[in-house]
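**Student:** Sequence:
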Amino acid sequence: MRKAPIPTFASRKRQQNPRKHLSHQSDHYHQRGVSECIGFIRACLDSKGDAFFRREALAGLADLLGIVLGEALRGEKLSGFFLGELAPVLVKKRGPLTEANETFKKRIEKIESSRPQTKRSSALRSLIHEIIGRALGEIRSLEVLYTHITHPRLRAQLLKSFKMNERLAAFPPLDPSFEVITKWTDEIVYPALRRMTQKGELPREILNMKKAMDENGKFQLSNLRSQIQDTVVRESKLPHLYYFDF
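Using numbering that gives the first Met the number 0, you'd call the opening residue of the sequence shown number 0 and step up by one each time.
Hints may contain errors.
[Stated by the list, open to error] Keeping only pairs whose Cα atoms sit at most 30 Å apart, straight-line, the calculated DSSO-like set for lysine-lysine is: (1) Lys109 with Lys182; (2) Lys105 with Lys198; (3) Lys182 with Lys217; (4) Lys109 with Lys91; (5) Lys76 with Lys91; (6) Lys105 with Lys92; (7) Lys104 with Lys91; (8) Lys198 with Lys217; (9) Lys236 with Lys210; (10) Lys210 with Lys182; (11) Lys92 with Lys76; (12) Lys236 with Lys109; (13) Lys198 with Lys209; (14) Lys236 with Lys105; (15) Lys236 with Lys104; (16) Lys182 with Lys209; (17) Lys182 with Lys198; (18) Lys92 with Lys104; (19) Lys92 with Lys109; (20) Lys76 with Lys109; (21) Lys182 with Lys236; (22) Lys198 with Lys210; (23) Lys91 with Lys105.
[Stated by the list, open to error] The following label-pair restraints were derived from C-beta to C-beta distances: (24) Arg194 with Arg154: 26 to 34 Å; (25) Phe103 with Thr146: 18 to 26 Å; (26) Glu75 with Glu129: 37 to 45 Å; (27) Leu153 with Lys209: 45 to 53 Å; (28) Glu84 with Pro172: 35 to 43 Å; (29) Glu129 with Leu64: 13 to 21 Å; (30) Asn100 with Val67: 22 to 30 Å; (31) Lys105 with Arg152: 46 to 54 Å; (32) Glu108 with Asp174: 18 to 26 Å; (33) Glu142 with Glu108: 18 to 26 Å.
Hints listed in this document are in silico derivations from the structure and should not be mistaken for laboratory results. We put the beta carbon where it would ideally sit given N, CA and C, even for glycine.
All chains should be modelled from the sequences, with the hints used to inform the complete structure.
**Tutor:** This is how it looks when you write it as C-alpha cells:
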C-alpha cells in the first residue's frame, strides 16, 4: 500500500484553501487509515531516518500546525486548548533546547535578531516575500535531496513526485549582492508576478498602484520592476522561515 504523501513547502504555500485541503486529507486518512499516516510521519522523523524524508515530514507537521493556529485564531475551542498547552511547554523547554541543540540556538537567535517590521507590509512586498519563501523552501528540499539521495532513479522519482524545479538547485543563496539580486529578480520573482498577472491573480491593491499605470490607465507590471528589485534587496537582508509563514 502506498504511503500518504507529505506536502512540500511549495505545495503548502500554494494552498489557498486550507479548509478544503484539510477535508480532502481527512477523507484520504479515513481511506488509508490514520495510524498508517501517523506511522509514516513517525518513521520519517526517526533519528536514523533519511534527511530528505525527515524534512518533508516536518513540512507536513508545520502544515498541520498552521491549520491548528488558523482554527484557534477563528475561536475554535479544541485548537485553542491545544495551543494553550503547547505554548508554555515551548517556553519552558527553550533553555534546555538552547543548551542541547546548537542548531536551535543559532536559528532562534538569527530570527529574533532581525529587525521587526514597524508597519504593515504592502501587498506587493507581502507577495514577493511569499514567492521568495516558496523558492527558498524548494531550494532547501533540493539540497537535502541531492545530499542524501544518491541513487539516480530514486532521485528522479522524488523530483517528479514532489514536483520540484530542478533548475533551482543551481541558484545562489539569496544575499544583497547585485548579481544575486538581479538573478533572483529576473528568474524567480518577476516571472512569478508575470504569471499571476496573466492569470488575473494579482491582489487588487497591486493592480491599483498608480506607479504601475501607463498613460492609458492600464496596469503594466514592467513599471514596477525597480520597486520589485528594491523589495528583493530588502527581503535578502531578513531571515526567511522554511517551515512557517505565520
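**Student:** All hints, please: hold or fail.
**Tutor:** Hints and how they fare:
1. Pair hint Lys109 plus Lys182 holds up; C-alpha atoms about 25 Å apart against a cutoff of 30 Å.
2. Proximity of Lys105 to Lys198 is assessed by CA-CA distance (about 40 Å); at most 30 Å being required, the pair is judged violated.
3. Restraint check: the Cα-Cα separation between Lys182 and Lys217 comes to about 28 Å, which is no more than 30 Å; the hinted pair holds.
4. At roughly 20 Å between alpha-carbon atoms, Lys109 and Lys91 fall within 30 Å of each other, so this suggested pair holds.
5. As the CA atoms of Lys76 and Lys91 are separated by approximately 23 Å, the hinted pair is consistent with the 30 Å bound.
6. Distance hint between Lys105 and Lys92 is fulfilled; the C-alpha atoms sit about 16 Å from each other, no more than 30 Å.
7. Only pairs whose Cα atoms come within 30 Å are accepted, and Lys104 paired with Lys91 is accepted, the gap being roughly 15 Å.
8. The suggested pairing of Lys198 with Lys217 holds, with an alpha-carbon distance near 16 Å, which does not exceed 30 Å.
9. The straight-line distance between the Cα atoms of Lys236 and Lys210 is roughly 25 Å, inside the 30 Å bound, and the hint therefore holds.
10. Among the hinted pairs, Lys210 with Lys182 is consistent with the structure: their alpha-carbon atoms are about 23 Å apart, no more than 30 Å.
11. About 25 Å separates the Cα atoms of Lys92 and Lys76, which keeps this hinted pair within 30 Å; it holds.
12. For the given pair, Lys236 sits about 11 Å from Lys109 by alpha-carbon distance, which is consistent with the 30 Å threshold.
13. The suggested pairing of Lys198 with Lys209 holds, with an alpha-carbon distance near 21 Å, which does not exceed 30 Å.
14. Distance hint between Lys236 and Lys105 is fulfilled; the C-alpha atoms sit about 17 Å from each other, no more than 30 Å.
15. In summary, the hint linking Lys236 to Lys104 is supported, as the alpha carbons are separated by about 20 Å, within the 30 Å threshold.
16. For the proposed pair Lys182 and Lys209, the alpha carbon gap of about 27 Å is at most 30 Å, so the pair holds.
17. For the given pair, Lys182 sits about 24 Å from Lys198 by alpha-carbon distance, which is consistent with the 30 Å threshold.
18. Between Lys92 and Lys104 the alpha-carbon distance is near 12 Å, which keeps this suggested pair within the 30 Å criterion.
19. As the CA atoms of Lys92 and Lys109 are separated by approximately 18 Å, the hinted pair is consistent with the 30 Å bound.
20. Our distance criterion of 30 Å between C-alpha atoms is broken by Lys76 and Lys109, whose separation comes to about 33 Å.
21. Taking the CA atoms of Lys182 and Lys236, the gap is near 16 Å; set against the 30 Å cutoff, the hint holds.
22. Annotation: proposed proximity of Lys198 to Lys210 holds, straight-line Cα distance about 21 Å (limit 30 Å).
23. The suggested pairing of Lys91 with Lys105 holds, with an alpha-carbon distance near 18 Å, which does not exceed 30 Å.
24. Taken as a hint, the range 26 to 34 Å holds for the pair Arg194 and Arg154, whose Cβ atoms sit roughly 27 Å apart.
25. Checked against the given bound of 18 to 26 Å, the beta carbons of Phe103 and Thr146, roughly 21 Å apart, stay inside it.
26. For Glu75 paired with Glu129, a C-beta distance near 25 Å fails the hint of 37 to 45 Å.
27. For the hinted restraint 45 to 53 Å between Leu153 and Lys209, the CB-CB distance of approximately 52 Å keeps it satisfied.
28. A C-beta distance of roughly 37 Å is found between Glu84 and Pro172, which places it inside the suggested range of 35 to 43 Å.
29. Separation of Glu129 from Leu64 is about 18 Å and conforms to the stated range, judged on CB atoms against 13 to 21 Å.
30. A C-beta distance of roughly 24 Å is found between Asn100 and Val67, which places it inside the suggested range of 22 to 30 Å.
31. Here the CB-CB span from Lys105 to Arg152 is close to 36 Å, at odds with the stated 46 to 54 Å.
32. Taken as a hint, the range 18 to 26 Å holds for the pair Glu108 and Asp174, whose Cβ atoms sit roughly 19 Å apart.
33. The hint said 18 to 26 Å for the Cβ distance between Glu142 and Glu108, and at roughly 22 Å that hint holds.
Hint violations for this structure: numbers 2, 20, 26, 31, all remaining hints satisfied.
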